[in-house]
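Q: So the protein sequences, as listed, match chains S and G. Using full-length UniProt numbering, read the first sequence as starting at 1 and increasing by one per residue. Using full-length UniProt numbering, read the second sequence as starting at 1 and increasing by one per residue.
The set of hints was computed from the structure by calculation and includes no laboratory data. Backbone N, C-alpha and C define an ideal beta-carbon position, used for all residues, glycine too. Certain hints may be false.
[Claimed, not checked] Each computed BS3-like pair below joins lysine-lysine, with the alpha-carbon atoms no more than 30 Å apart: (1) Lys227/G with Lys86/S; (2) Lys199/G with Lys227/G; (3) Lys104/G with Lys128/G; (4) Lys104/G with Lys86/S; (5) Lys70/G with Lys86/S; (6) Lys86/G with Lys128/G; (7) Lys104/G with Lys183/S; (8) Lys128/G with Lys183/S; (9) Lys104/G with Lys86/G.
[Unchecked claim] Residues of chain S placed beyond 10 Å of chain G at every Cβ, according to the derived structure: (10) Gly12; (11) Leu15; (12) Phe20; (13) Val21; (14) Gln33; (15) Ser60; (16) Phe76; (17) Glu95; (18) Val100; (19) Leu101; (20) Arg150; (21) Ile169; (22) Pro172; (23) Ala173; (24) Ser238.
What follows is each chain in one-letter form.
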Amino acid sequence: MTRASRAIAEYGAILAVFLFVWWYASGPYGMPQYLLPSPQAVASTLWKMLLAGDLLPHLSFTARNILVGLAVSTVFGVAFAYLVYKFPVLSETLEGPIVVLQTAPKIALAPLVIIWFGLGLTAKIVLIFSLAFFPIFAGCLAGLRAMDSRLQDLAVLLNLGALQRFVRIDLPASLPGVFVGLKVGAVQALVGAVLAEWMSGDQGLGYLMTFATATYKTPMLFGAVLLTALLGIALHGSLNELEARFLSWNSSDEH
Amino acid sequence: MIRIEQVSKTFGQGKNSVVALAPLDQFIGEGEFIAIVGPSGCGKSTLLRIVAGLETATEGRITLGTSQLKRPVGFVFQDAVLLPWKTVAGNIRFPLDTSGVPRKVGDRKVEELVELVGLQGFENALPKQLSGGMKQRTAIARALADDPAILLMDEPFSAVDLMTREGLNDELLRIWQATGKTILLVTHSVEEAAYLGTKVMVMSARPGRLRKTYDVALPSPRTEETKTSADYLDLVGELKHMMRDADR
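With these hints in hand, go ahead and build the complete structure from the sequences.
A: Okay, structure coming up:
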């Protein structure tokens, strides 16, 4: 079995068990509809929303914010990690502040982000960034530090310029670490995106959740939660796929 | 051509300083094959790294006939140091890709080099799929890619088994004869030094210094027969004696 088909089989099996338990609890077991709507009710709500064009805009809004937030986090995370790697003095002076920032409860600061950056897109991206930046930064830095130091000798021997050195040696060497950070960061980004939508705006899966809760539309709430989970799985799956494609040189198994 | 004048290296400063290399002079002519042999800590790798420009000499001067070039030397590390994300062909062409050689020209050059080091059929293999000997062949081809007149090798075969090592030695001699390069090879094997070199520099430790430079008068090309000849065995004995003597 290939990697992809095995992953699909595994996810499928877990999903099937989950659906069965859900169905049993809401049907034969007799949980009330307003506490636990049946899978069928949730599916039909989602289907109706999809047909009415009320679903995809929310889904794509959240997905886009996550992708943009992750992209911004990756660019800054890699750039910052590279600076710290190149200038060790920076890591000594910045380590304290970075740890303080990282251990600060950023979710608790979310309202402040809204106050500072407004109700629009910027605040959402900033919140995602504040959560996803650190894992990517840390992963990239670990990747850079794990690099064979003699590759730097090679760069000297080949008389490579700073840009060539970065693009052709340091960046590829750090990619395994960046991917570790990205996978952690993607989960954080999802949390950040939904959180931001809870607090402001009228779009996205997070907004859908707060709207459904306020109007007692439990099936819609479940649908939104389910879609958020699926979005997370899709993100994780795509990152795994990208990793398998671009980082096969780093895996220990030999084909 | 390599001229080494009063080159020395001291690590650290003041009381904690360690002399890695006492002042050393040596002239190496074009097309010579110099083997540098000595125990660990004798500064042989340090000397090679200074010639390569990877370390700076504390005092003294190195003059290379090729110093006007962007890349004056080719260098082979002790254990290959390949880019793990690139294939054999990708690693060999790395020096070409980073100096703006046109793709077509590079392709031809890579094909030539793959043949020279005997890696046909492995062009698309990744380093993790290669044996130690094959990695080292790839590294040699990479060092030769932009055709440097000087090739520096830092214990290039110490990580491969004896059989492979002897085969690689013969291949190195063939490559040297085919290309006419000036080669500086560091080794801790006296036999290897005597078999390969036109000259052998014997170094000793604490502090690292040059004991003596031998001219090797063995007939060329060197073959399996060379290894049983009286001259070769005498030289090996003499070199060993010199190293032991130096160690005392």
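Q: Hints first: check each against the structure and report whether it holds.
A: These are the hints, each one checked on the structure:
{"no.": "1", "hint": "Lys227/G with Lys86/S", "result": "violated, 50 Å"}
{"no.": "2", "hint": "Lys199/G with Lys227/G", "result": "holds, 16 Å"}
{"no.": "3", "hint": "Lys104/G with Lys128/G", "result": "holds, 27 Å"}
{"no.": "4", "hint": "Lys104/G with Lys86/S", "result": "violated, 35 Å"}
{"no.": "5", "hint": "Lys70/G with Lys86/S", "result": "holds, 24 Å"}
{"no.": "6", "hint": "Lys86/G with Lys128/G", "result": "holds, 10 Å"}
{"no.": "7", "hint": "Lys104/G with Lys183/S", "result": "violated, 39 Å"}
{"no.": "8", "hint": "Lys128/G with Lys183/S", "result": "holds, 25 Å"}
{"no.": "9", "hint": "Lys104/G with Lys86/G", "result": "holds, 19 Å"}
{"no.": "10", "hint": "Gly12", "result": "holds, 32 Å"}
{"no.": "11", "hint": "Leu15", "result": "holds, 35 Å"}
{"no.": "12", "hint": "Phe20", "result": "holds, 43 Å"}
{"no.": "13", "hint": "Val21", "result": "holds, 43 Å"}
{"no.": "14", "hint": "Gln33", "result": "holds, 55 Å"}
{"no.": "15", "hint": "Ser60", "result": "holds, 34 Å"}
{"no.": "16", "hint": "Phe76", "result": "holds, 24 Å"}
{"no.": "17", "hint": "Glu95", "result": "holds, 27 Å"}
{"no.": "18", "hint": "Val100", "result": "holds, 36 Å"}
{"no.": "19", "hint": "Leu101", "result": "holds, 32 Å"}
{"no.": "20", "hint": "Arg150", "result": "violated, 5 Å"}
{"no.": "21", "hint": "Ile169", "result": "violated, 7 Å"}
{"no.": "22", "hint": "Pro172", "result": "violated, 5 Å"}
{"no.": "23", "hint": "Ala173", "result": "violated, 8 Å"}
{"no.": "24", "hint": "Ser238", "result": "holds, 21 Å"}
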